[in-house]
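Enquirer: Single-letter residue listing:
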Amino acid sequence: NAGVMQNPRHLVRRRGQEARLRCSPMKGHSHVYWYRQLPEEGLKFMVYLQKENIIDESGMPKERFSAEFPKEGPSILRIQQVVRGDSAAYFCASSSKNVLTFGAGSRLTVL
Amino acid sequence: GNSVTQMEGPVTLSEEAFLTINCTYTATGYPSLFWYVQYPGEGLQLLLKATKADDKGSNKGFEATYRKETTSFHLEKGSVQVSDSAVYFCALSGNTGGFKTIFGAGTRLFVKA
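Chain order of the listed sequences is Y and X. Counted the way this note's numbering counts, the first sequence spans residues 3 to 113. Counted the way this note's numbering counts, the second sequence spans residues 1484 to 1596.
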C-alpha cells in the first residue's frame, strides 16, 4: 500500500502561470481532502471531494482555484494565474471513516 | 462553526521533561478528537484519537483525554525525547456531513539533549 501519493513534491511557477497539483488516495479510499499550509501556520481546509463530486468547497478561494476528482485518475487541485500569496504547502489526505491519511505535500513557490 | 484552539509555541523542553500541550475546541454535537504530528518536510501523521467523552487516546507514550465538560483534549507525555521534536496539531472531525477535519494552528516542540 503506497499511501497517499502527491506530485510534484516541489513546483515553481512565475506569477500568472497555472499550477496543477495531483493526489492519488490510498487504495480503497474514495474521499479526498485538500488543505493549504502557509509558512508557520496551521492547515486550512480547502475542499472535500468524492469520486466525481465536490462535497464541501467552503475553504476554496472564490476565484482561480478549482478541484476535481474524476472517476479515473488522481484528484487535481488547479490554481490559475498564480500570485505570490499562493506560495504554500498543499496537502492532500484521504480517509477511511474519520481518520485522515496525508500525503507528503506539494510545495508551491511563486516567483 | 467548529473550531480548535491550541497553545502557541514554540515549546522548548529538555530531554525527559514532562510535556503538556493544551487544546480546547468548539463544536456542535459529538465530534471525534485527534492529535496529529508533523515532522520536518513531511505530511501529518495521526498520533492518537478519541471518539467519545472520557475516552483516552494513547500512542508512543503520548496521551490525551476527551473532556466534554471542559471541551478540552490536552496532549501529555511523561518524558520527552529529542526525536519528539515536531509540530503537533489538535483536530476535530464532526460525525455528520462527511469527515471534514478542522485543525488547530499547531504547536512546535523542540526537545534539547
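Each hint should be verified, as a subset may be incorrect.
[Stated by the list, open to error] Result set (DSS-like, lysine-lysine): computed pairs, CA atoms no more than 27 Å apart in a straight line:
1. Y:Lys99 with X:Lys1535
2. Y:Lys46 with X:Lys1551
3. X:Lys1595 with Y:Lys99
4. Y:Lys53 with Y:Lys73
5. Y:Lys64 with Y:Lys53
6. X:Lys1551 with X:Lys1535
7. X:Lys1543 with X:Lys1560
8. X:Lys1539 with X:Lys1560
9. X:Lys1543 with X:Lys1532
10. Y:Lys53 with Y:Lys99
11. Y:Lys99 with X:Lys1539
12. X:Lys1535 with X:Lys1560
13. Y:Lys53 with Y:Lys29
14. X:Lys1551 with X:Lys1539
15. X:Lys1543 with Y:Lys99
16. Y:Lys29 with X:Lys1551
17. Y:Lys73 with Y:Lys29
18. Y:Lys99 with Y:Lys46
19. X:Lys1560 with X:Lys1532
20. Y:Lys29 with Y:Lys99
21. X:Lys1532 with Y:Lys46
22. X:Lys1560 with X:Lys1595
23. X:Lys1535 with X:Lys1595
24. X:Lys1532 with Y:Lys73
25. X:Lys1532 with X:Lys1551
26. Y:Lys99 with Y:Lys73
27. X:Lys1535 with Y:Lys46
[To be verified] Here are a few chain Y residues that face chain X, going by a calculated C-beta distance under 10 Å:
28. Phe67
29. Glu70
30. Lys73
31. Gly75
32. Pro76
33. Gly87
34. Asp88
35. Ala91
36. Cys94
The hints are simulated quantities; they were obtained by calculation from the structure and are not laboratory data. We treat Cβ as the ideally placed atom computed from N, Cα and C, and that holds for glycine.
Enquirer: Give a verdict on every hint.
Expert: Hint-by-hint comparison with the structure:
1. Y:Lys99 with X:Lys1535: Holds, because 15 Å separates the two Cα atoms, which is no more than 27 Å.
2. Y:Lys46 with X:Lys1551: Given pair Lys46 (chain Y), Lys1551 (chain X) holds - Cα atoms ~25 Å apart, limit 27 Å.
3. X:Lys1595 with Y:Lys99: Given pair Lys1595 (chain X), Lys99 (chain Y) is violated - Cα atoms ~37 Å apart, limit 27 Å.
4. Y:Lys53 with Y:Lys73: Within the cut-off at roughly 6 Å; holds.
5. Y:Lys64 with Y:Lys53: Between Lys64 (chain Y) and Lys53 (chain Y) the Cα gap is close to 22 Å, so the pair holds against 27 Å.
6. X:Lys1551 with X:Lys1535: 9 Å, holds
7. X:Lys1543 with X:Lys1560: 9 Å, holds
8. X:Lys1539 with X:Lys1560: 13 Å, holds
9. X:Lys1543 with X:Lys1532: Holds. Lys1543 (chain X) to Lys1532 (chain X) sits at ~13 Å (cutoff 27 Å).
10. Y:Lys53 with Y:Lys99: 16 Å, holds
11. Y:Lys99 with X:Lys1539: 19 Å, holds
12. X:Lys1535 with X:Lys1560: Satisfied, since the Cα-Cα distance of roughly 21 Å is no more than 27 Å.
13. Y:Lys53 with Y:Lys29: With Cα atoms ~13 Å apart, Lys53 (chain Y) and Lys29 (chain Y) stay inside 27 Å; holds.
14. X:Lys1551 with X:Lys1539: Distance of about 12 Å is within 27 Å: holds.
15. X:Lys1543 with Y:Lys99: Satisfied, since the Cα-Cα distance of roughly 23 Å is no more than 27 Å.
16. Y:Lys29 with X:Lys1551: 35 Å, violated
17. Y:Lys73 with Y:Lys29: 14 Å, holds
18. Y:Lys99 with Y:Lys46: It holds: about 20 Å lies between the C-alpha atoms, which stays within 27 Å.
19. X:Lys1560 with X:Lys1532: 15 Å, holds
20. Y:Lys29 with Y:Lys99: 14 Å, holds
21. X:Lys1532 with Y:Lys46: 20 Å, holds
22. X:Lys1560 with X:Lys1595: 15 Å, holds
23. X:Lys1535 with X:Lys1595: Outside the cut-off at roughly 35 Å; violated.
24. X:Lys1532 with Y:Lys73: 31 Å, violated
25. X:Lys1532 with X:Lys1551: 14 Å, holds
26. Y:Lys99 with Y:Lys73: 20 Å, holds
27. X:Lys1535 with Y:Lys46: 24 Å, holds
28. Phe67: 17 Å, violated
29. Glu70: 17 Å, violated
30. Lys73: Result: violated, 19 Å to nearest chain X Cβ.
31. Gly75: With a closest approach of 21 Å, the Gly75 (chain Y) hint is violated.
32. Pro76: 16 Å, violated
33. Gly87: 19 Å, violated
34. Asp88: Constraint on Asp88 (chain Y) not satisfied, violated at 19 Å.
35. Ala91: Interface hint status for Ala91 (chain Y): holds (9 Å vs cutoff 10 Å).
36. Cys94: 9 Å, holds
Violated hints, in rising order: 3, 16, 23, 24, 28, 29, 30, 31, 32, 33 and 34; the structure is consistent with all others.
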